[in-house]
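> Chains as they are written, first to last, in the numbering used here: chain H, 1 to 206; chain C, 207 to 478; chain F, 479 to 583; chain B, 584 to 742.
Rather than coming from a laboratory, the hints here were simulated on the basis of the structure.
It should be emphasised that the depicted structure is a prediction, and the values quoted were computed from it without experimental measurement.
Heads up, a few of these hints could be off.
Calculated from the model, a selection of chain F residues having no Cβ within reach of chain B, i.e. all distances over 12 Å [as the list claims (entries may be wrong)]: (1) E481; (2) P482; (3) Q488; (4) S501; (5) A537; (6) V558; (7) A579; (8) A582; (9) G583.
Going by beta-carbon spacing under 8 Å, a handful of chain H positions derived as facing chain C [said to hold, decoys possible]: (10) G29; (11) E36; (12) K42; (13) L49; (14) L52; (15) S62; (16) R68; (17) A83; (18) Y86; (19) P87; (20) S135; (21) F136; (22) G137; (23) Y170; (24) R178; (25) S182.
Don't be surprised by glycine CBs; every beta carbon is placed ideally from N, CA and C.
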Amino acid sequence: MKKALVSMAALAAVLFAGIALAQSRSAVGEVEAMRELMRGFKPSGQAGLSRLVQDEVQQFCSDPGWQRNKARIAAIEGQQLAAVKYPADGKLMGNWKAGESIAQSGVGKQFSDNPSQPSGANCYACHQLTPQELSFGTIGPSLRNFGKTRGSSEAIQRYTYAKIYNSRAYSVCTNMPRFGHSEILTEQQIKDVVALLLDPESPVNK
Amino acid sequence: MTRPHKPVVAALLFAAGLLFGTGAHSQDSTAKALQEYRDALQDGNPAELWEIKGEDMWQQPRGPNKVSMEKCDLGLGPGVVKGAYARLPKYFKDTDRVDDLESRLVHCMVSLQGYTRAEATRRVFGGPGAAADMEALVAYVSSQSKGVKMNVALAHPREREAYQMGQKLFYYRGGPHDFACATCHGEDNKRIRLQDLPNLTSKKDAQRAYTTWPAYRVSQGELRSFQWRLYDCFRQQRFPELLFGSDASVALTMFLARNANGAAFAAPAIKR
Amino acid sequence: MGEPMRIRAQMAGDKVEVRVLMSHEMETGQRKDGGGNIVPAWFIQNIAVMHGGQTVLSAQWGPAVAKNPFMHFRFAGGRVGEKVSVTWTDNRGDKRTDEVAITAG
Amino acid sequence: MNSVRREVLKAGGGVTVMALAVSAGLLRPEEALAQAAWNKAAFETRSFADTVKALGGAAAVENPGVRFASPTPEIAENGALVPVTVTSSIPKTESIAILVEKNPNTLAANFVVPNGTEPFISTRVKMGQTSDIYALVKADGRYYYAKKEIKVTIGGCGG
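My request is simple: use the sequences and hints to build the entire structure.
In structure tokens, the structure reads:
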């Protein structure tokens with residue numbers, strides 16, 4: 001209980017400090033109200049209250065009018081791209097079969113999930129990929145023939161890796177999670193998903 | 207559009223008709239068949255089992271004070287149940303807050319029946335073999351608004367504030383996945399896997415979505431309240447746990463309920 | 479004991495139209511719980527619907543009848559105000575009877 | 584339980600004893616029915632033919648007098664809840680059973696339809712996967728059936 005109070009105070013401080021800089025009084029009031037509202041959540045399983053503390057990008061993209069701020073968009077995308085960590089061994093493509101099972105799995109990071117189990121990427125929730133999987137979502141574009149149409153050059157591999165690692169590097173307020181940046185997937189898992197998309201042997205490209 | 211060469215999963219063959227379409231005809235017939243399935247469930251919705259249990263619970267003297275809920279004011283005066291759900295959430299003077307149905311029921315269980323808040327909220331969502339009293343009460347009260355037009359007011363300043371905060375929460379991105387409600391519910395004609403997603407920023411979808419909760423969820427065999435709907439959305443959003451009846455939950459409900467104004471309430475419904 | 483059933487018995491022409499919803503888990507005995515253990519089978523086995531001392535429908539069920547079972551049928555010879563009762567027993571020996579009066583169509 | 588009733592049950596629970604008990608007013612009729620032996624063997628069968636046998640028939644023939652009526656869907660969005668409606672126009676229909684070929688056990692339900700009750704039943708079953716379902720009617724001692732495939736997009740027997 002004490003711990004919860006402390007983290008609540010920390011959360012309040014962060015939320016407040018983050019936005020109070022040079023804002024109008026009414027905006028401060030709004031921040032205050034939002035902070036109050038966040039008391040409506042409690043930590044559960046692996047999901048602590050720190051998850052409610054927004055980073056700069058989340059905060060920017062929570063404003064439905066974000067598209068108007070062209071300068072910020074370019075600046076944030078640049079920052080996000082600069083922070084992408086590529087694999088130290090220089091290899092960007094893993095195993096497409098492992099990538100397929102990662103793409104299928106929707107578990108991970110929910111308070112109901114076992115944190116010792118690896119997270120999935122849940123690609124099929126939003127994207128079409130292989131022709132065999134008919135149960136796919138349409139929130140994101142179809143990735144069918146992703147590698148077939150783009151090839152698998154070093155540049156394409158780097159782009160694909162970075163896009164999965166941090167999609168905001170290319171589209172600041174995309175719906176897609178930042179799988180590397182937010183530590184949802186491991187480096188090896190991202191390589192495997194890159195292979196699912198780019199390997200000529202992958203059913204995505206057949 | 208591509209055609210599937212070898213649909214390996216026979217069970218999904220027809221569902222696939224929705225996506226690939228072996229022609230407009232098959233698309234239409236699949237959609238029609240699924241609609242027939244959904245229609246077939248309407249007669250004999252197990253939600254009625256929760257409704258009769260909830261009605262009984264409403265009328266029976268319960269709690270340390272051994273009184274019924276029949277003096278509970280859901281906004282239309284003590285004991286008035288008919289049409290009450292279609293006007294909630296609303297501001298209540300006695301609690302000095304905006305309440306939705308569930309938080310109001312907790313208030314009545316505490317103030318009338320003498321339960322502690324902890325007792326009243328001990329089991330708010332049912333699980334296998336253990337239905338929740340709260341969901342039965344919700345089923346009963348909401349069923350008494352069937353056919354009533356949604357009419358949620360923004361008359362009191364606190365109601366307007368709740369709506370605005372609910373709207374902010376709807377667009378609030380957070381957690382490891384950067385998800386907001388709007389991530390999945392902000393555009394027309396989107397699906398997650400094969401599941402259609404309502405665009406809660408459009409009037410038509412918002413109306414249809416809100417007026418069909420609470421619902422009997424076939425996959426869980428449970429009657430699910432709107433509080434449960436929000437709780438489970440935030441779980442999948444990778445947020446911490448939404449507290450039952452919290453200001454956040456009521457504000458978001460206010461935003462969604464108000465956007466459904468004008469549509470006839472049609473729940474408890476049944477959903478796959 | 480079980481939870482109350484929802485029974486509707488309504489005149490439709492010269493017949494009585496009966497709809498029954500029962501509250502029951504109808505566990506198949508094949509499902510696993512969160513801990514990976516099989517949940518034992520638990521389901522309604524026998525049903526009897528009575529009117530005026532006569533059986534108007536009886537049934538035997540296995541666990542493949544859906545959770546919170548529903549059935550709908552019609553019988554002749556009933557009148558408004560007369561009682562229709564439904565009784566189920568399950569494989570644990572639990573039992574429940576509920577009764578309603580026939581309503582006008 | 585009262586002592587008279589206990590004695591009756593002790594006496595064996597056979598059909599004849601039950602019938603006597605009912606006519607003597609010792610048991611309420613629905614109690615007698617609820618005691619009717621559940622046909623364990625029939626509910627453990629794994630094929631259409633075996634179910635027919637376990638129910639006491641030799642064979643069943645397809646007959647247009649047995650029909651799946653609305654609501655019985657072509658596709659079930661969730662196999663946990665599949666509406667099935669059966670009617671029979673065969674004279675002297677005595678019972679209507681519903682069978683799901685690919686379920687772990689074939690027989691789902693068997694309804695006994697006495698005189699005066701319409702040979703019509705609507706209920707809901709579980710289906711683990713896309714499968715043929717059968718409506719099996721017993722009429723004047725013989726067995727007749729209708730068959731229909733129902734496609735299931737989510738199975739209803741898993742966790």
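> Look at each hint and say if it fits the structure.
Hint check:
The beta carbon of E481/F sits about 18 Å from the closest Cβ of chain B, which is more than 12 Å, so the claim that it is off the interface holds. The claim that P482/F lies off the interface holds: its Cβ sits roughly 16 Å from the closest Cβ of chain B, which is beyond the 12 Å cut-off. The claim that Q488/F is not at the interface with chain B holds, since no C-beta of that chain comes within 12 Å of its own (minimum 14 Å). Chain B leaves S501/F outside its interface by the beta-carbon criterion, the shortest separation being 14 Å against a cut-off of 12 Å.
Its closest Cβ contact with chain B, about 4 Å, brings A537/F to no more than 12 Å, contrary to its assignment away from the interface. For V558/F, the non-interface assignment is confirmed: its Cβ lies about 17 Å from the closest Cβ of chain B, beyond the 12 Å cut-off. The non-interface label for A579/F is consistent with chain B: the shortest C-beta to C-beta separation is roughly 17 Å, beyond 12 Å. No Cβ of chain B approaches the Cβ of A582/F within 12 Å, the least distance being about 19 Å, so the stated non-interface status holds.
Once the 12 Å rule is applied to beta carbons, G583/F is consistent with being away from chain B; the minimum gap is 15 Å. Against a cut-off of 8 Å between C-beta atoms, the interface hint on G29/H is violated, since the closest Cβ of chain C lies about 10 Å away. Checking E36/H against chain C by beta carbon gives a least distance of about 7 Å; that is within 8 Å, so the hint holds. Taking 8 Å as the C-beta cut-off, the interface hint given for K42/H holds, the closest approach to chain C being about 5 Å.
For the restraint placing L49/H at the interface with chain C, the shortest Cβ-Cβ distance is roughly 6 Å, inside the 8 Å limit, so the hint holds. Annotation: interface hint on L52/H holds; nearest CB of chain C at approximately 5 Å, less than 8 Å. Using the Cβ-Cβ criterion of 8 Å, the hint placing S62/H at the interface with chain C is satisfied: the shortest such distance is roughly 5 Å. Violation of the interface hint for R68/H is found here, the shortest Cβ-Cβ separation to chain C being roughly 15 Å, above the 8 Å cut-off.
A hinted interface residue such as A83/H counts as satisfied when its beta carbon comes closer than 8 Å to some beta carbon of chain C; here the least separation is about 15 Å, so the hint is violated. Evaluation of the Y86/H hint against chain C yields a violated restraint, the C-beta minimum of about 21 Å exceeding 8 Å. Interface hint status for P87/H: violated, as the beta-carbon distance to the closest one in chain C is roughly 21 Å, over 8 Å. For S135/H, the suggested interface contact is upheld, since its CB lies about 5 Å from the closest CB of chain C, less than 8 Å.
Annotation: interface hint on F136/H holds; nearest CB of chain C at approximately 7 Å, less than 8 Å. Hint on G137/H holds. Least Cβ distance to chain C is approximately 4 Å, under the 8 Å limit. For Y170/H, the shortest C-beta to C-beta distance to chain C is roughly 14 Å, which exceeds 8 Å, and the interface hint is violated. Interface hint status for R178/H: upheld, as the beta-carbon distance to the closest one in chain C is roughly 7 Å, under 8 Å.
Because the beta carbon of S182/H sits about 4 Å from the nearest beta carbon in chain C, less than 8 Å, this interface hint is met.
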